[in-house]
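All chains should be built: construct the whole structure from the sequences, respecting the hints.
These are the residues of each chain, in order.
Number of protein chains: 4
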Amino acid sequence: MNVSFFSDLLSSISERGRGLIGFGRGDEPGRASVADLVKLSHELISRRGEASGVALARIILDRYSSLPQKDRFAFLIHIAGDFGSDEAAIEHAIDAYRKTPSRAAAHALHDAAEPKSQELIRRLNLAAGGTLSLVRLREDLIDLFQTLRTERSDAAVAVESLDQDFVHLFSSWFNRGFLVLRRVDWTTPAHILEKIIRYEAVHEISDWDDLRRRIAPADRRCFAFFHPALVDEPLIFVEVALTTEIPDAIAPILTKERDPIPLKAATTATFYSISNCQRGLSGVSFGNFLIKQVVEDLCREIPNLKSFVTLSPVPGFAGWLAREIRSPEPTGIRPEDRELLQLTEEPEWFAEAAMAEAVRKPLLAAAAYYFLRAKTATGRPVDPVARFHLGNGARLERLNFLGDTSAKGLKQAHGLMVNYLYDLDTIEKHHEAYANLGVVTASSAVQKALKFEGPSRAVPAAG
Amino acid sequence: MNVSFFSDLLSSISERGRGLIGFGRGDEPGRASVADLVKLSHELISRRGEASGVALARIILDRYSSLPQKDRFAFLIHIAGDFGSDEAAIEHAIDAYRKTPSRAAAHALHDAAEPKSQELIRRLNLAAGGTLSLVRLREDLIDLFQTLRTERSDAAVAVESLDQDFVHLFSSWFNRGFLVLRRVDWTTPAHILEKIIRYEAVHEISDWDDLRRRIAPADRRCFAFFHPALVDEPLIFVEVALTTEIPDAIAPILTKERDPIPLKAATTATFYSISNCQRGLSGVSFGNFLIKQVVEDLCREIPNLKSFVTLSPVPGFAGWLAREIRSPEPTGIRPEDRELLQLTEEPEWFAEAAMAEAVRKPLLAAAAYYFLRAKTATGRPVDPVARFHLGNGARLERLNFLGDTSAKGLKQAHGLMVNYLYDLDTIEKHHEAYANLGVVTASSAVQKALKFEGPSRAVPAAG
Amino acid sequence: MNVSFFSDLLSSISERGRGLIGFGRGDEPGRASVADLVKLSHELISRRGEASGVALARIILDRYSSLPQKDRFAFLIHIAGDFGSDEAAIEHAIDAYRKTPSRAAAHALHDAAEPKSQELIRRLNLAAGGTLSLVRLREDLIDLFQTLRTERSDAAVAVESLDQDFVHLFSSWFNRGFLVLRRVDWTTPAHILEKIIRYEAVHEISDWDDLRRRIAPADRRCFAFFHPALVDEPLIFVEVALTTEIPDAIAPILTKERDPIPLKAATTATFYSISNCQRGLSGVSFGNFLIKQVVEDLCREIPNLKSFVTLSPVPGFAGWLAREIRSPEPTGIRPEDRELLQLTEEPEWFAEAAMAEAVRKPLLAAAAYYFLRAKTATGRPVDPVARFHLGNGARLERLNFLGDTSAKGLKQAHGLMVNYLYDLDTIEKHHEAYANLGVVTASSAVQKALKFEGPSRAVPAAG
Amino acid sequence: MNVSFFSDLLSSISERGRGLIGFGRGDEPGRASVADLVKLSHELISRRGEASGVALARIILDRYSSLPQKDRFAFLIHIAGDFGSDEAAIEHAIDAYRKTPSRAAAHALHDAAEPKSQELIRRLNLAAGGTLSLVRLREDLIDLFQTLRTERSDAAVAVESLDQDFVHLFSSWFNRGFLVLRRVDWTTPAHILEKIIRYEAVHEISDWDDLRRRIAPADRRCFAFFHPALVDEPLIFVEVALTTEIPDAIAPILTKERDPIPLKAATTATFYSISNCQRGLSGVSFGNFLIKQVVEDLCREIPNLKSFVTLSPVPGFAGWLAREIRSPEPTGIRPEDRELLQLTEEPEWFAEAAMAEAVRKPLLAAAAYYFLRAKTATGRPVDPVARFHLGNGARLERLNFLGDTSAKGLKQAHGLMVNYLYDLDTIEKHHEAYANLGVVTASSAVQKALKFEGPSRAVPAAG
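If you read the sequences in order, they're chains A, B, C and D. In this text, residue positions in the first sequence follow my numbering: the first is 25, and each later residue adds one. In this text, residue positions in the second sequence follow my numbering: the first is 25, and each later residue adds one. In this text, residue positions in the third sequence follow my numbering: the first is 25, and each later residue adds one. In this text, residue positions in the fourth sequence follow my numbering: the first is 25, and each later residue adds one.
Certain hints may be false.
No farther apart than 25 Å at their CA atoms in a straight line, the calculated lysine-lysine pairs in the PhoX-like style are these [as the list claims (entries may be wrong)]:
1) LYS280(D) <-> LYS219(A)
2) LYS219(B) <-> LYS140(C)
3) LYS140(C) <-> LYS140(D)
These are computed hints drawn from the structure, not numbers from a lab.
Shown next as structure tokens:
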């Protein structure tokens with residue numbers, strides 16, 4: 025009942041949302057100059073904004089969105105420049121703090137140093153539908169920052185600082201406590217499903233039939249986080265296959281020809297695709313919470329599940345390997361493997377069984393090195409997907425040779441896929457070992473693939 | 025459909041909420057010492073919190089709520105003391121800022137000076153039901169601050185600073201853009217209605233029949249703001265009577281014996297009661313937004329409505345008048361009226377028509393002075409309800425002699441009630457005049473009641 | 025999602041419903057004469073009804089409901105008289121059937137003999153809200169029949185026949201497959217709860233606090249059947265107490281002072297009140313389905329439940345016993361008990377322990393006879409509640425001396441209450457034994473209470 | 025709120041529904057013989073059915089649906105044969121009726137002649153999901169009847185009689201008062217939309233993009249009737265285009281390339297496709313109610329709408345015309361037109377402007393005759409779509425030459441489409457004229473197309 029009460033409750037949001045799109049808007053927003061918008065923005069954080077904030081915010085956001093990109097960029101640069109903090113107030117607060125460095129004085133300093141842009145963003149959010157408009161505006165800001173990033177101009181620095189304001193406020197507003205997990209299935213409204221198709225970033229969804237195969241069968245699941253203020257917009261979603269063992273290839277999961285397994289037979293939940301949906305929310309992380317919540321919920325729904333793993337791409341592997349192969353003194357591959365590994369650059373190399381078999385061992389050895397030894401400048405694994413899952417406390421469970429022979433899979437990783445294992449009991453320990461010491465926890469099988477290269481590279485198993 | 029999708033969506037919140045209250049919680053939380061909780065709080069904002077934040081936050085909030093008040097206070101004092109900002113980081117940021125006082129440097133200073141308590145609060149909000157727990161915790165903090173406020177101890181100052189962290193974050197989280205307006209009527213779930221009965225702060229709701237009379241008839245409305253993370257908890261609500269004229273007394277509105285008017289006959293919407301519901305959200309204001317939204321919605325629903333007024337109490341009047349009467353040199357009343365005004369201290373003075381009639385003019389004159397001339401130290405009207413409505417841009421429309429002859433109405437204002445008028449076209453102008461210049465906008469009738477006292481006090485009409 | 029889709033779906037019903045009550049109805053229905061309504065009814069089942077049935081049906085039902093009772097009765101008598109079947113058609117069908125008594129000919133005869141009133145009722149149901157209007161109309165019909173029942177006039181017979189049409193159609197429309205079971209609790213909308221208060225027929229609900237005690241605690245349940253076309257109207261509901269043993273008195277269940285038991289401790293679900301809500305649906309039985317569905321649902325929700333019993337009143341006992349006591353040759357009581365049993369006619373007899381103790385055995389013996397031996401003319405138990413539960417396949421489990429010492433409980437049964445036990449495994453067997461042979465299945469304890477009176481009355485235990 | 029209460033309410037239905045499909049069903053239903061099922065059916069309408077009807081009904085329906093078609097047919101033939109009415113009871117009732125031919129006696133005769141199959145169907149409906157199972161079972165019955173229809177065997181007659189039982193009960197259960205109108209749009213759950221794609225019977229929906237173009241744009245509408253007991257299953261739906269004039273061709277409506285018109289510009293609602301969804305409900309008509317309800321709802325939503333028309337196919341025209349052309353003495357075409365009309369049998373005849381222009385007049389003249397003069401044996405128009413709309417009270421508004429040049433449109437009607445006009449003020453009059461006198465109401469333009477053939481055929485305009 026509770027629920028239904030709130031269903032109604034939420035309806036107002038969407039009605040308001042609808043009002044914005046179609047009828048009842050009254051007059052069309054005329055074109056506004058950038059200068060006008062900046063002026064209105066100043067008013068919004070002034071007294072006038074106290075009286076008429078909701079309407080003013082809506083006007084600014086509407087007119088902003090009707091500007092051409094050039095003008096939107098100009099507006100953002102203005103905001104970044106004009107809506108910093110009050111220098112006199114900072115000076116005053118610094119003096120007070122230096123005199124008495126109390127908590128209260130630090131607090132006053134914190135307040136004084138807050139950029140006015142933060143208040144502006146909060147006030148823009150008064151508008152009906154304001155949150156979504158702000159997420160879209162942030163997309164512009166990211167684009168603008170990309171444009172400016174090469175120059176170290178004042179504008180670039182100010183824009184970066186403005187972007188941090190967004191990250192700060194969005195992190196607070198999209199706090200996990202405000203997110204709602206929803207199963208997405210074949211009874212989900214079409215306008216939501218359409219976005220799932222559009223936002224899928226790992227294994228493209230080719231059409232509605234493909235989507236149906238991923239969410240309708242009894243042994244498939246899809247879950248997404250939503251935020252009540254962003255009606256109809258998933259924030260992140262994960263696709264899950266329930267299987268009888270840890271899968272080593274993606275094709276059997278995505279194939280048209282397969283029979284669903286009975287739920288009672290399922291022992292493994294495989295997360296085979298995780299996609300962030302809102303570019304405007306980049307810098308705010310949901311994936312960690314999503315995976316853990318889904319693991320918890322699946323545990324409760326299907327008590328016979330024993331393993332929770334991913335079937336993940338290895339987006340940086342082919343590039344890294346190419347550099348190793350080209351390198352006169354490679355550290356990640358044995359010189360004697362170079363020739364075999366070069367075979368992977370032949371088209372359709374994997375289709376010939378003998379050739380593929382020859383490549384297998386050296387490639388897996390290189391992969392083991394790639395995951396366990398190769399490091400970024402800051403001492404983290406080279407692979408971004410690895411950093412995500414290891415940072416969540418997962419362990420690298422298995423290397424899957426030719427797990428993905430699609431064009432994309434071959435291009436980015438010569439077909440390699442891997443499984444990360446989420447074991448709720450050890451997540452925290454692994455997370456700490458990784459976060460504090462950079463330890464990459466891996467199964468003994470993965471460790472062994474590394475050892476195959478020679479004793480000199482052996483390491484004590486961390487997992 | 026949209027709506028219904030989100031109805032489901034919200035259900036997870038409440039299910040999670042339910043899980044917390046009843047079954048399925050697993051083991052009971054044992055008693056925790058204050059020291060334990062402080063330690064867990066440090067862990068929550070550390071790396072461990074990154075891995076296990078949701079669970080950790082839930083544990084802290086659960087155990088906190090099971091502590092006796094003394095221990096809860098001790099915990100809060102610890103948090104206030106321990107979770108300030110990092111002094112070294114502040115010093116470092118000050119130096120950098122002084123070297124290059126850029127937006128970015130100010131931003132870095134802002135970040136460095138942020139009390140760790142803000143991150144702690146955000147992390148506690150990761151827990152399912154965390155927001156409500158934090159609102160309840162803030163109630164303790166307010167109580168604690170009341171206890172400490174007389175002393176200017178370090179602890180008191182730190183607690184006040186911690187309280188500001190809550191106000192800051194709650195203001196952001198309970199931004200109008202996240203609030204949802206809902207009509208409350210006789211089809212509303214009973215557990216919500218029960219809270220309406222409990223939270224009504226102006227004209228007490230005596231029982232369910234009284235409630236029914238206020239929300240069920242076709243010419244009555246009640247609206248409340250809700251927040252999606254605070255399932256079942258209204259934040260603020262307003263009760264509205266649709267009438268054919270501006271009412272001058274509360275009894276005919278609350279009476280058992282009346283026939284509803286047909287909606288087509290309604291010309292006036294009277295807001296006769298506004299109640300804030302959450303003590304833990306004090307300092308975050310909703311009333312302004314609520315009234316304006318309800319005015320908008322009612323305009324749309326019932327196009328024949330012409331006036332939007334309040335029928336408001338005058339909580340400070342009797343106290344102010346008593347001081348005037350006792351004063352050897354009153355400024356708000358004429359000396360010759362003193363005797364008549366003293367009649368209001370007789371029991372049942374108002375019941376005798378002649379006596380009441382004699383009191384009318386002097387009392388209204390005093391009331392006009394009370395609203396238009398009497399000021400606080402900061403130059404604002406003495407009456408808190410007046411400050412609220414005038415600050416919203418309303419105008420003081422009418423003084424109603426003997427508008428509320430209930431015990432409460434007599435005690436606080438000798439029966440006086442007033443109407444404030446919300447005119448959407450002039451709200452902004454009135455708000456600015458009030459905010460910038462302290463101008464109290466009032467109808468000419470109210471102005472005239474003031475003038476009645478003599479030409480020396482006449483003022484140019486502001487409204 | 026499904027659900028939410030249909031939530032929306034159902035909304036149209038209620039919106040239409042709302043339309044009927046308040047706005048948007050257009051002109052008020054003028055007064056119509058009975059003759060007009062009869063004429064309109066003829067049109068409704070004619071061709072005109074095919075074109076404009078929905079509107080026509082609405083008009084008839086609206087105007088009907090605005091008539092005074094006298095005219096409503098007159099209308100019903102007209103309908104009963106005018107909308108019988110077509111005699112010529114029957115004759116024709118009889119002839120055809122006699123010629124070839126096939127299934128098809130029987131079908132044709134069935135169709136020919138169908139009273140036109142059935143088609144009229146189906147067409148009236150075309151109107152939005154028609155079903156509820158028809159249920160209300162049937163209430164009039166029942167009242168009318170009560171008025172006429174003494175006379176064996178043609179009108180009375182026709183009205184009875186018309187009433188059978190309603191029972192026939194309502195039985196089909198309110199088929200269990202169309203009913204929806206809903207838990208009623210403290211989150212149920214107030215306008216539904218208000219009806220629960222009003223319709224409770226066994227242990228009166230004194231006010232909202234009393235209601236809250238019955239539906240809000242974790243160890244209490246209330247379930248109701250609803251029909252989608254009768255929005256907001258429960259059809260029947262049952263109140264359930266979860267207990268640790270089979271209760272023997274009602275007061276501890278209804279008391280204000282009690283602590284809920286933890287669900288894990290519950291072993292017994294006690295159905296202590298079942299109320300039909302719609303007088304207009306009398307003759308259509310829901311109770312059997314309700315109890316069995318609730319037993320099933322509770323089994324699933326709370327696996328530790330072992331027993332499902334009622335705590336039931338014995339409405340016919342005091343009357344029967346009075347007759348026995350007065351009888352010169354009683355069969356249900358022993359002559360030597362007569363004096364003791366007469367004590368129950370003293371006021372407050374039960375308050376004195378010794379007196380109550382003296383009455384216990386004879387009273388229980390008489391009760392055992394009342395249940396096991398006393399029979400109606402058709403060989404069924406005298407007690408209507410017993411007939412209901414035994415007919416459902418329950419068994420009489422225990423006689424509870426002084427189980428209900430309220431005024432009502434004393435008046436109707438000298439405080440006696442009983443438990444009936446629902447054991448899903450034996451329901452069918454008991455039902456058949458009762459239905460075919462009139463066997464009253466009872467526990468050995470109840471049998472023994474009977475035997476106590478003397479060997480001559482002993483019977484083989486049926487349970 | 026009401027709504028949301030019922031949203032929850034309905035959830036039980038679907039949960040129960042879900043239970044049936046997947047988990048929690050307990051043991052798999054073993055294979056049952058036809059004889060077993062017949063036996064169980066007898067039990068269901070016996071005493072055992074009173075005790076355990078819900079479970080028994082579910083078992084019968086489950087096992088039935090798992091039988092191969094041959095056995096399902098055998099079962100249905102048994103039911104048709106065995107569950108007729110009781111001959112002795114009929115004889116008895118006939119005698120009683122002949123003795124006293126009262127309403128009551130006719131009622132008793134009606135009851136006696138009721139085939140037992142009706143009670144069986146009602147009892148099968150006790151099962152959760154029973155209604156849908158019965159609708160599916162009726163599909164078998166229709167198939168069986170098709171198989172048997174050539175023979176006039178006893179079995180065939182009995183099966184037809186059984187089918188009438190279904191039509192009778194379904195007509196009562198799917199009474200318009202129980203139907204719920206729902207808008208179908210892009211926020212509708214995918215599993216519902218999938219059925220819209222599947223059930224579209226007029227202008228095939230090629231894929232999800234096509235569907236989106238029909239339901240998502242602001243100037244398109246789709247409405248469907250649902251029944252609460254048939255969760256997820258539309259019964260009938262209509263697709264509507266909002267336009268600025270009465271459209272004369274289907275292609276511009278279905279095209280990918282078009283800009284939606286603003287709602288304010290819409291003056292006409294065009295119903296361009298109506299599809300029944302449930303073969304098992306054939307014989308129960310919804311279309312009439314659907315169109316009228318949608319007209320009413322659109323009137324309310326978009327007050328500027330002035331005309332409600334269809335854009336309809338003419339499925340029987342090409343066949344009829346071919347017969348005319350072949351006929352030595354055609355009545356519907358002029359002999360001198362024969363040659364020109366034969367051109368329509370050329371492939372792509374319509375693509376050449378001159379040829380098409382030559383065909384226009386004779387073809388429209390023939391069409392006018394087809395609609396206004398050509399009659400079935402029972403004196404109705406030859407065209408089934410015409411019979412439907414004229415029977416609803418619409419008027420034939422316009423003949424559209426080359427309105428549908430798709431393969432289907434050419435094949436069935438040489439591209440001809442027509443508009444029927446729904447004018448709420450004249451619907452009833454037209455319906456009566458059509459129903460009583462067979463009058464085909466048509467616009468003067470259509471009349472004129474007929475007159476063009478020569479004065480001898482002129483008729484007084486009926487519209």
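Going down the list of hints, with the structure as the test:
1. For the hint pairing LYS280(D) with LYS219(A), the CA-to-CA distance comes to about 21 Å; that is within 25 Å, so the pair holds.
2. As the CA atoms of LYS219(B) and LYS140(C) are separated by approximately 53 Å, the hinted pair breaks the 25 Å bound.
3. Restraint check: the Cα-Cα separation between LYS140(C) and LYS140(D) comes to about 21 Å, which is no more than 25 Å; the hinted pair holds.
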